[in-house]
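Protein chains: 2
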Amino acid sequence: MPTDSSNMLKAIEDFPHQCRTALELAKGMAVSGKISNIIVAGMGGSAVGGDLLRLYMHDSKIPVTTIRDYKLPDYVNESTLVFAVSYSGNTEETLAAYEDAVRKKAKIVAVTSGGRLWEVSKKTIKIPKGLQPRAALGYLFFPVLGVLVNSGIVKENSAEIAEMLDILPQKEEFRSFGEKLAKKIGSRTPLIYASEQFSAVAYRWKTQFNENSKIAAFSHVFSEMNHNEIVGYQSMGKDKFTAIFIRDNLDNERIRKRMDITKEIISQKVEVEEVYTKGTYLLSRLFSGLYYADFASYYLALQNKIDPTPVHVIENLKKKLAE
Amino acid sequence: MPTDSSNMLKAIEDFPHQCRTALELAKGMAVSGKISNIIVAGMGGSAVGGDLLRLYMHDSKIPVTTIRDYKLPDYVNESTLVFAVSYSGNTEETLAAYEDAVRKKAKIVAVTSGGRLWEVSKKTIKIPKGLQPRAALGYLFFPVLGVLVNSGIVKENSAEIAEMLDILPQKEEFRSFGEKLAKKIGSRTPLIYASEQFSAVAYRWKTQFNENSKIAAFSHVFSEMNHNEIVGYQSMGKDKFTAIFIRDNLDNERIRKRMDITKEIISQKVEVEEVYTKGTYLLSRLFSGLYYADFASYYLALQNKIDPTPVHVIENLKKKLAE
Chain A
1 MPTDSSNMLK
11 AIEDFPHQCR
21 TALELAKGMA
31 VSGKISNIIV
41 AGMGGSAVGG
51 DLLRLYMHDS
61 KIPVTTIRDY
71 KLPDYVNEST
81 LVFAVSYSGN
91 TEETLAAYED
101 AVRKKAKIVA
111 VTSGGRLWEV
121 SKKTIKIPKG
131 LQPRAALGYL
141 FFPVLGVLVN
151 SGIVKENSAE
161 IAEMLDILPQ
171 KEEFRSFGEK
181 LAKKIGSRTP
191 LIYASEQFSA
201 VAYRWKTQFN
211 ENSKIAAFSH
221 VFSEMNHNEI
231 VGYQSMGKDK
241 FTAIFIRDNL
251 DNERIRKRMD
261 ITKEIISQKV
271 EVEEVYTKGT
281 YLLSRLFSGL
291 YYADFASYYL
301 ALQNKIDPTP
311 VHVIENLKKK
321 LAE
Chain B
1 MPTDSSNMLK
11 AIEDFPHQCR
21 TALELAKGMA
31 VSGKISNIIV
41 AGMGGSAVGG
51 DLLRLYMHDS
61 KIPVTTIRDY
71 KLPDYVNEST
81 LVFAVSYSGN
91 TEETLAAYED
101 AVRKKAKIVA
111 VTSGGRLWEV
121 SKKTIKIPKG
131 LQPRAALGYL
141 FFPVLGVLVN
151 SGIVKENSAE
161 IAEMLDILPQ
171 KEEFRSFGEK
181 LAKKIGSRTP
191 LIYASEQFSA
201 VAYRWKTQFN
211 ENSKIAAFSH
221 VFSEMNHNEI
231 VGYQSMGKDK
241 FTAIFIRDNL
251 DNERIRKRMD
261 ITKEIISQKV
271 EVEEVYTKGT
281 YLLSRLFSGL
291 YYADFASYYL
301 ALQNKIDPTP
311 VHVIENLKKK
321 LAE
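Chains A and B are the protein sequences, given in the same order. Counted from 1, the first sequence has number 322 at position 322 by our numbering; the numbering is strictly sequential. Counted from 1, the second sequence has number 208 at position 208 by our numbering; the numbering is strictly sequential.
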């Protein structure tokens, strides 16, 4: 077993506690004035936080968009609320997007543990240092949600929070499922699918496999995959790929039927594993759906004798970019 | 060679002509009144048309969003312009989204060759029948653009159109590049990357490989792939994957540097092929960038002794969904 693997396991096991702590971090912070649209600017795990916010606010009258780029769309103006989210505070794309938000006179709240973003931002939620950014998803999401609740944009729902804080600490279930799934995946490339409502959950699975397990992994959504990606299975084999469906009992009935039929069709070519979200509220369903991935990707790393924690290639790339 | 392959080649070779014809189809159709946001509701090739519109209108003050789902976001209202786009007119997700747009009192324009959408829609651009939907991208995109020009939302730029209609008919270049690339890909899984500005081009490549060549293929964007997917290359091999970069000389300088460094890093693990967009205007750069994929995916199908035209698995799925 790699020497450093316990760090990542500790961070993963601490995730429910992190979510609880993160819920407190926005205390007292709110924005005022007209808000026509919300943008979360960030990369990697920070961007997943933005995608989760978009999914969570699917019934809001205010559009939420995640921007993974150096610039913001040209419709951004003084009635746009921009969250600039970077764990390190030194993500160059997010810093550039922050500057663009200033230029476009948007309302801005930064979420960061320090770095350049902490220095330049006037309104900042400071989050704890010392984690791999991907292990800080609770800190990257809940403070943003907190600001929206404090500002009257999102309605507080204590039952929903309570349900999530009851479900996530049932760690042994997530852990053992993840460990078993890692064995089933073996050396295959995982392809993860969810409905549009859970698209960020599928994408989080993909990125956790990329970064923790250091393997290829891809995600797509229902029903779009029924219009193209499904055709590719014609030439795929059980030795190369495994499909993982994120299932939710409250997904649109047609989507559930599509998943059943797709499973039947592609099972002739690959193994299909299914993961069910937990809870009745959307918040629990989103976060339980993605928590499994932390364990599955962690155990897959150990299985392949890979240290899940460091991502040397990203560090290497950053060095070359700075040259 | 499969008997039916010439149909698809004919459709591909006819694409520049299709774009020219499609530009005429919106003649006289416009919308009026306040437009706060634009939504393109569609699946597969129709949704790619929506994504291309979003990229094309990147400097617009009006946000453009593609929805690949049964329902529209809850911010849709009477100042939303919804394009309901379905080649057959019988795509169930698009029909449901159309009904949702009616419920939400949006302004609606349908684009279809017939079917149920033609029957229910009050304002429709009728496009020619008889193609595979993925071979009708010109018909799915340009009429939408035409309505926006006629409505004063997008500024007409005849130099831009002229450049595109000059570049796309240089078919031999696109064809021979595509044929060579297909040979290089062989039996590997192509992974296609572009900047955010060309994300829909990379996705179009992916779906053309899925549907024409009947193989697995995936796409992602710069710089997000630098934050996760790049780590997966650690365990990838030259025999399994080929990376294809869609390059554009006007992409952000940092993105171009990221592509160069990423190429250097991942070249140790896989072959990296590069495709350059053509032209100076964005329209030519988008459409030239994706036109190569038609030929590459077509020749890859022939190479694998696959008929590029039919997508039996999608027909099979639709039958089961109707049961």
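These are computed hints drawn from the structure, not numbers from a lab. Treat the hints loosely; a few may be bogus.
Same chains, same label: a pair holds when it works inside one copy or across any pair of copies.
[Said to hold, decoys possible] Calculated cross-link-like contacts (lysine-lysine; reagent style DSSO-like; alpha-carbon spacing at most 27 Å):
no.: 1; residue 1: K318; residue 2: K263
no.: 2; residue 1: K184; residue 2: K269
no.: 3; residue 1: K105; residue 2: K184
no.: 4; residue 1: K34; residue 2: K269
no.: 5; residue 1: K257; residue 2: K269
no.: 6; residue 1: K319; residue 2: K34
no.: 7; residue 1: K129; residue 2: K27
no.: 8; residue 1: K171; residue 2: K257
no.: 9; residue 1: K107; residue 2: K238
no.: 10; residue 1: K155; residue 2: K238
no.: 11; residue 1: K155; residue 2: K71
no.: 12; residue 1: K238; residue 2: K319
no.: 13; residue 1: K61; residue 2: K104
no.: 14; residue 1: K184; residue 2: K257
no.: 15; residue 1: K263; residue 2: K105
no.: 16; residue 1: K180; residue 2: K10
no.: 17; residue 1: K107; residue 2: K10
no.: 18; residue 1: K320; residue 2: K155
no.: 19; residue 1: K257; residue 2: K105
no.: 20; residue 1: K257; residue 2: K318
no.: 21; residue 1: K71; residue 2: K61
no.: 22; residue 1: K107; residue 2: K61
no.: 23; residue 1: K263; residue 2: K183
no.: 24; residue 1: K257; residue 2: K107
no.: 25; residue 1: K34; residue 2: K320
Checked hints:
1. K318 - K263: Between copies only: 14 Å across, 40 Å inside.
2. K184 - K269: both (15 Å within a copy, 25 Å between copies)
3. K105 - K184: This pair counts as neither: shortest intra-copy Cα distance 51 Å, inter-copy 49 Å.
4. K34 - K269: Answer is neither; intra-copy 52 Å and inter-copy 50 Å both fail.
5. K257 - K269: within (19 Å within a copy, 39 Å between copies)
6. K319 - K34: neither (41 Å within a copy, 49 Å between copies)
7. K129 - K27: within (19 Å within a copy, 58 Å between copies)
8. K171 - K257: Cα proximity of K171 and K257: none, with 30 Å in one copy and 42 Å across.
9. K107 - K238: neither (50 Å within a copy, 47 Å between copies)
10. K155 - K238: For K155 and K238, the Cα distance exceeds 27 Å both inside one copy (46 Å) and across copies (51 Å).
11. K155 - K71: So K155 and K71 pass the 27 Å test across copies only (22 Å; inside, 30 Å).
12. K238 - K319: between (39 Å within a copy, 25 Å between copies)
13. K61 - K104: both (22 Å within a copy, 12 Å between copies)
14. K184 - K257: Cα proximity of K184 and K257: one copy only (25 Å, versus 39 Å across).
15. K263 - K105: So K263 and K105 fail the 27 Å test inside a copy (48 Å) and across (37 Å) alike.
16. K180 - K10: Answer is within; shortest intra-copy Cα gap is 19 Å, inter-copy 50 Å.
17. K107 - K10: Answer is neither; intra-copy 36 Å and inter-copy 52 Å both fail.
18. K320 - K155: neither (45 Å within a copy, 41 Å between copies)
19. K257 - K105: neither (46 Å within a copy, 29 Å between copies)
20. K257 - K318: Between. Shortest inter-copy distance 11 Å satisfies the 27 Å Cα cut-off; intra-copy 44 Å does not.
21. K71 - K61: both (24 Å within a copy, 14 Å between copies)
22. K107 - K61: Both: 18 Å inside a copy, 17 Å across copies.
23. K263 - K183: Within one copy only: 20 Å inside a chain, 32 Å across chains, cut-off 27 Å.
24. K257 - K107: Neither way: K257 and K107 sit 43 Å apart in one copy and 31 Å across, limit 27 Å.
25. K34 - K320: neither (42 Å within a copy, 48 Å between copies)
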